[in-house]
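Residue numbers (the working numbering), protein chains in the order written: chain A, 1 to 142; chain B, 1 to 142; chain C, 1 to 142; chain D, 1 to 142.
Do not rely on the hints blindly, as some may be mistaken.
[To be verified] Which bits of chain D does chain B cover? Going by a derived footprint, with three or more residues having C-beta under 8 Å, they are: (1) 25-37; (2) 86-93; (3) 104-115.
Derived by calculation from the structure, the hints in this document are not laboratory data. Cβ coordinates follow ideal geometry from the N, Cα and C atoms, glycine included.
There are 4 protein chains.
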Amino acid sequence: MMNEKDILANKVVSKMLETDYFSQWMGIEILEIREAYSRIQMTVRKEMMNGFGIAHGGISFAFADSAFAFACNSDGKITLALDVSISFPKPAKEGDVLIAEAKELNKTRRTGLYLIEITNQQKELIAVFKGTCYKTEKNLPV
Amino acid sequence: MMNEKDILANKVVSKMLETDYFSQWMGIEILEIREAYSRIQMTVRKEMMNGFGIAHGGISFAFADSAFAFACNSDGKITLALDVSISFPKPAKEGDVLIAEAKELNKTRRTGLYLIEITNQQKELIAVFKGTCYKTEKNLPV
Amino acid sequence: MMNEKDILANKVVSKMLETDYFSQWMGIEILEIREAYSRIQMTVRKEMMNGFGIAHGGISFAFADSAFAFACNSDGKITLALDVSISFPKPAKEGDVLIAEAKELNKTRRTGLYLIEITNQQKELIAVFKGTCYKTEKNLPV
Amino acid sequence: MMNEKDILANKVVSKMLETDYFSQWMGIEILEIREAYSRIQMTVRKEMMNGFGIAHGGISFAFADSAFAFACNSDGKITLALDVSISFPKPAKEGDVLIAEAKELNKTRRTGLYLIEITNQQKELIAVFKGTCYKTEKNLPV
């Protein structure tokens, strides 16, 4: 059962997605949203490939970055990515079904630290994303 | 005038772009390619926006990542991103004309270190991307 | 009970520590070493402070970096840090007893990816360290 | 000739160094301090070595981190490192004379982005450090 904070988190993410045209383009589906947490899914398409026939690094980054944004904005305060480090253990391929899971490692009044892992349909680790965000004082209109 | 290495670099990047469907989708144009160096351009479109009406972080990352790939593959050996850190000093907006410039900071037999900076049409700094790559022993067919 | 790989890991780390003068200076104690894993401890001293009366960021980094080195060299092949990203959720203070735990997230023939977390005696998160290493072909003499 | 901001920057760093016991232990010497800029020097000693006979990664990090702190605190507001990414192109050795130079890439009201490069006496690149800091509202007592 969801508590009030989780209900708010789901409202916020629905609102964000309405005008998040790039997440729409990627075909991101929401699997689970809770306070400071998100789990999302997408399928890798041909137009996401780079010149080596694997998914462009920007696709993995963008997918993890959406999971990050959904998790760190879940309290309704507009929050922006400041700094991210990403590692690419394994390439993603056309047709892969990817899952990104974002977890909060730390939170202060103004900043947050999240870890996002992307895995494929074989549970192989595709990317590890560590992100620091900055929380503004503005509320997201929900 | 271009030397032999710069000529090879241009051939390699042309070849990479032919099947780099995501760089094509982004509308990336090549401004300059030399050995271990690239400068590229793109215009931010509506479908690249996130839920806050600014460019999705994945777009800035992907754009810098393409500049990185063009520079670090310029010797014709297939080279893959291992680890990247990116900072976002300022958001990119719809209609912005972005330039990414990739420079090599270091090279060993197997690894390389690059710095990529993205600026907008007002020369404002949009992103700083520090990337480490791993050079395989395979040649790119050019 | 330890298997052969864990026994090798312990031998390697003992050998490394013999001439690791800076880890000795930090007063690092080994709590547990296994294949691709380490858990170590240290106490923060006055000479480790920075100008704000908290532990210098270099101390937290160095402590995590030692845990990283012990874990990624545990197979006896000399392995070097290529690239690290570290976040500092909370400062460490004089007298704090810190624990660093290093876990392998991924391994290829030549590279490895590790996550190291530092916590204090109250189990508070002091630092999160994501490190990529490069494995040479040289064996550590054990 | 120094302007008022540069004079303040020098006062701030002198004050910080008085109780920065770890920078003292490293033997850091100030070469130049200006607003949002620092250049410092140190010599690598035997007690800074790791188990492979090269400088411990924590030493290079700590040296760059001091340069970062001197530059980003130069306006007298207490400023803390949030997130850092560091790459190690080349090891430092006993007896090496290292120089770290910190430059501001960006500044907002609450955050800053800096690039710090460490070179040795042969002008070889030892480390590249990209750091994001958070500016508190407290003044450093100078």
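We went through each hint and held it up to the structure:
{"no.": "1", "hint": "25-37", "result": "violated (count 0)"}
{"no.": "2", "hint": "86-93", "result": "holds (count 3)"}
{"no.": "3", "hint": "104-115", "result": "holds (count 5)"}
The earlier numbered hint that this structure contradicts is number 1, and it is the only one.
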